[in-house]
Amino acid sequence: MSSSYKGCVFPEGLLYDLEYHVWVKFEGEVAVVGATAPGQAYAGEIIFIKIKDKGTTLERGAIAATVESAKYMGPMRTPLSGTITEVNEEVKNQPSLVNQAPYDNWVFKISPTKLDSERGLLLDTRSASEKYRSIIDEWGIQCG
Amino acid sequence: MEAKKRFLFVVSTGVNEPKKAFTPFYYAAAAASMGYDTHMFFLAEGPSLLKGDAPDRVRTTEEGEPLRKVIELALRNNVKMMCCSTSAKVIWKMGDGDLPKGVDYAGAVTLIEMASDPNTVVFYF
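These protein sequences, in sequence, are chains A and B. Under our numbering, the residues of the first sequence are numbered 1 to 144, in order. Under our numbering, the residues of the second sequence are numbered 1 to 125, in order.
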């Protein structure tokens, strides 16, 4: 069952990185990554997103994409070290899809190389939704 | 190994031109969020943007956001800010405690050294 707070939903079955405000879903050996609901709400309506190319190798915390809205400019960092295997062309062409449905519109897929040491840094839905409450209050945002 | 590319935004306009005030902060935030080592250097009129209540007072339009929004955006994205000590202290009578947190005083030599680096791209506002 998903959790929510101030309209920000946290679906079950995903893992969350509260340092970088991204969600992760594993599809076999590949991790699918997108923006969390509070992350996209904080940014506002995204008007441009630049995603690193397929084949780019990144360490955890490196910039995988740059997000631009009318009032925000910031990086989307990878929660896992690895190599980007795919970028979402639909999101590149229409970045506001991330605002409309952040969990349906992934941004990039990455083949992790340090999963054993980095998986523990990701939170499950229950932990993430609890910890996100104070962040949402601090940011003064409302999703949806 | 290839040296990391750096962006240097030199800001010489100030509160006298509010319509120009936001742009260098926003573009510096963009460069930093793309992973570039990014610096801003304020000289001549530039330090006036950082002085006293200017970050809260300066707006591009009456209904617009205060300048502080983009200053904080740039600092949050790890833009390094430096303010010409001569401009600030002589022209604007600013003291050691008059700069926002995260901004340091620097001199002409620092700016010239950074600008002379072949890996640095300089924008002048």
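Be aware that one or more of the hints could be misleading.
In silico BS3-like cross-links for lysine-lysine, where the CA-CA straight-line distance does not exceed 25 Å [what the hints assert, rightly or not]:
1) A:Lys131 / A:Lys54
2) B:Lys93 / B:Lys4
3) B:Lys89 / A:Lys71
4) B:Lys4 / B:Lys51
5) B:Lys93 / A:Lys54
6) A:Lys54 / A:Lys109
7) A:Lys114 / A:Lys6
8) A:Lys6 / A:Lys109
9) A:Lys6 / A:Lys25
10) A:Lys109 / A:Lys92
11) B:Lys5 / B:Lys93
12) B:Lys101 / A:Lys71
13) B:Lys4 / B:Lys19
14) A:Lys54 / B:Lys20
15) B:Lys80 / B:Lys101
16) B:Lys51 / B:Lys93
17) A:Lys71 / B:Lys19
18) A:Lys25 / A:Lys50
19) B:Lys4 / A:Lys50
20) B:Lys19 / B:Lys101
21) B:Lys69 / A:Lys71
22) B:Lys93 / A:Lys71
23) A:Lys54 / A:Lys92
24) A:Lys50 / A:Lys92
25) A:Lys114 / A:Lys54
26) B:Lys89 / B:Lys101
27) A:Lys50 / B:Lys51
28) B:Lys20 / B:Lys69
29) B:Lys5 / B:Lys51
30) B:Lys4 / A:Lys6
31) B:Lys5 / B:Lys19
32) A:Lys50 / A:Lys131
33) A:Lys50 / B:Lys69
34) B:Lys51 / B:Lys19
35) B:Lys20 / A:Lys71
36) B:Lys51 / B:Lys69
37) B:Lys51 / B:Lys80
38) B:Lys89 / A:Lys50
39) A:Lys71 / A:Lys25
The set of hints was computed from the structure by calculation and includes no laboratory data. These numbers were taken from a predicted model, which means no experiment stands behind them.
Outcome of the hint check:
Taking the CA atoms of Lys131 (chain A) and Lys54 (chain A), the gap is about 32 Å. The hint is violated against a cut of 25 Å. A distance of roughly 36 Å separates the Cα atoms of Lys93 (chain B) and Lys4 (chain B); the hinted pair therefore is violated under the 25 Å criterion. Between Lys89 (chain B) and Lys71 (chain A) the alpha-carbon distance is near 32 Å, which puts this suggested pair outside the 25 Å criterion. Only pairs whose Cα atoms come within 25 Å are accepted, and Lys4 (chain B) paired with Lys51 (chain B) is rejected, the gap being roughly 32 Å.
Taking the CA atoms of Lys93 (chain B) and Lys54 (chain A), the gap is about 52 Å. The hint is violated against a cut of 25 Å. Only pairs whose Cα atoms come within 25 Å are accepted, and Lys54 (chain A) paired with Lys109 (chain A) is accepted, the gap being roughly 9 Å. For the hint pairing Lys114 (chain A) with Lys6 (chain A), the CA-to-CA distance comes to about 34 Å; that exceeds 25 Å, so the pair is violated. Taken as a hint, the Lys6 (chain A) and Lys109 (chain A) pair is broken in the structure, with Cα atoms around 29 Å apart against an allowance of 25 Å.
Our distance criterion of 25 Å between C-alpha atoms is met by Lys6 (chain A) and Lys25 (chain A), whose separation comes to about 23 Å. Among the hinted pairs, Lys109 (chain A) with Lys92 (chain A) is consistent with the structure: their alpha-carbon atoms are about 14 Å apart, no more than 25 Å. Only pairs whose Cα atoms come within 25 Å are accepted, and Lys5 (chain B) paired with Lys93 (chain B) is rejected, the gap being roughly 34 Å. Simply put, Lys101 (chain B) and Lys71 (chain A) have alpha-carbon atoms about 21 Å apart, close enough for the 25 Å limit, and the pair holds.
The hinted pair formed by Lys4 (chain B) and Lys19 (chain B) fails the criterion: a straight-line CA distance of about 32 Å is larger than 25 Å. Of the pairs offered as hints, the one joining Lys54 (chain A) and Lys20 (chain B) is violated, with about 37 Å between alpha carbons and a cut-off of 25 Å exceeded. Straight-line distance between C-alpha atoms of Lys80 (chain B) and Lys101 (chain B) comes to about 11 Å, which keeps the hinted pair within the 25 Å bound. For the hint pairing Lys51 (chain B) with Lys93 (chain B), the CA-to-CA distance comes to about 9 Å; that is within 25 Å, so the pair holds.
Taking the CA atoms of Lys71 (chain A) and Lys19 (chain B), the gap is near 16 Å; set against the 25 Å cutoff, the hint holds. Proximity of Lys25 (chain A) to Lys50 (chain A) is assessed by CA-CA distance (about 21 Å); at most 25 Å being required, the pair is judged to hold. Under the criterion of a C-alpha separation no larger than 25 Å, the hint pairing Lys4 (chain B) with Lys50 (chain A) is consistent with the structure, at around 19 Å. Between Lys19 (chain B) and Lys101 (chain B) the alpha-carbon distance is near 24 Å, which keeps this suggested pair within the 25 Å criterion.
The straight-line distance between the Cα atoms of Lys69 (chain B) and Lys71 (chain A) is roughly 8 Å, inside the 25 Å bound, and the hint therefore holds. With a CA separation close to 32 Å, the supplied pair Lys93 (chain B) and Lys71 (chain A) exceeds the 25 Å bound. In summary, the hint linking Lys54 (chain A) to Lys92 (chain A) is supported, as the alpha carbons are separated by about 13 Å, within the 25 Å threshold. The straight-line distance between the Cα atoms of Lys50 (chain A) and Lys92 (chain A) is roughly 7 Å, inside the 25 Å bound, and the hint therefore holds.
Proposed proximity of Lys114 (chain A) and Lys54 (chain A) is supported: the alpha carbons are some 18 Å apart, at most 25 Å. Restraint check for Lys89 (chain B) and Lys101 (chain B): the C-alpha separation of about 17 Å stays at or below 25 Å, so the hint holds. Among the hinted pairs, Lys50 (chain A) with Lys51 (chain B) is inconsistent with the structure: their alpha-carbon atoms are about 34 Å apart, more than 25 Å. Distance check on the hinted pair: Lys20 (chain B) and Lys69 (chain B) sit about 15 Å apart at the alpha-carbon level, within 25 Å; holds.
A C-alpha spacing of about 30 Å is found between Lys5 (chain B) and Lys51 (chain B), which places the hinted pair above 25 Å, so the restraint is violated. For the proposed pair Lys4 (chain B) and Lys6 (chain A), the alpha carbon gap of about 41 Å is over 25 Å, so the pair is violated. Taking the CA atoms of Lys5 (chain B) and Lys19 (chain B), the gap is about 29 Å. The hint is violated against a cut of 25 Å. A distance of roughly 29 Å separates the Cα atoms of Lys50 (chain A) and Lys131 (chain A); the hinted pair therefore is violated under the 25 Å criterion.
Restraint check: the Cα-Cα separation between Lys50 (chain A) and Lys69 (chain B) comes to about 23 Å, which is no more than 25 Å; the hinted pair holds. Distance restraint check for Lys51 (chain B) and Lys19 (chain B): the Cα-Cα separation of roughly 17 Å lies within the 25 Å cut-off, and the hinted pair is therefore satisfied. Restraint check for Lys20 (chain B) and Lys71 (chain A): satisfied, since their Cα atoms lie roughly 16 Å apart, inside the 25 Å limit. Distance check on the hinted pair: Lys51 (chain B) and Lys69 (chain B) sit about 15 Å apart at the alpha-carbon level, within 25 Å; holds.
Between Lys51 (chain B) and Lys80 (chain B) the CA atoms are separated by roughly 17 Å; this keeps the pair inside 25 Å, and the hint holds. With a C-alpha separation of about 40 Å, the suggested pairing of Lys89 (chain B) with Lys50 (chain A) is violated against the 25 Å cut-off. About 29 Å separates the Cα atoms of Lys71 (chain A) and Lys25 (chain A), which puts this hinted pair outside 25 Å; it is violated.
Violated hints, listed in ascending order, are 1, 2, 3, 4, 5, 7, 8, 11, 13, 14, 22, 27, 29, 30, 31, 32, 38 and 39; each of the other numbered hints is respected by the structure.
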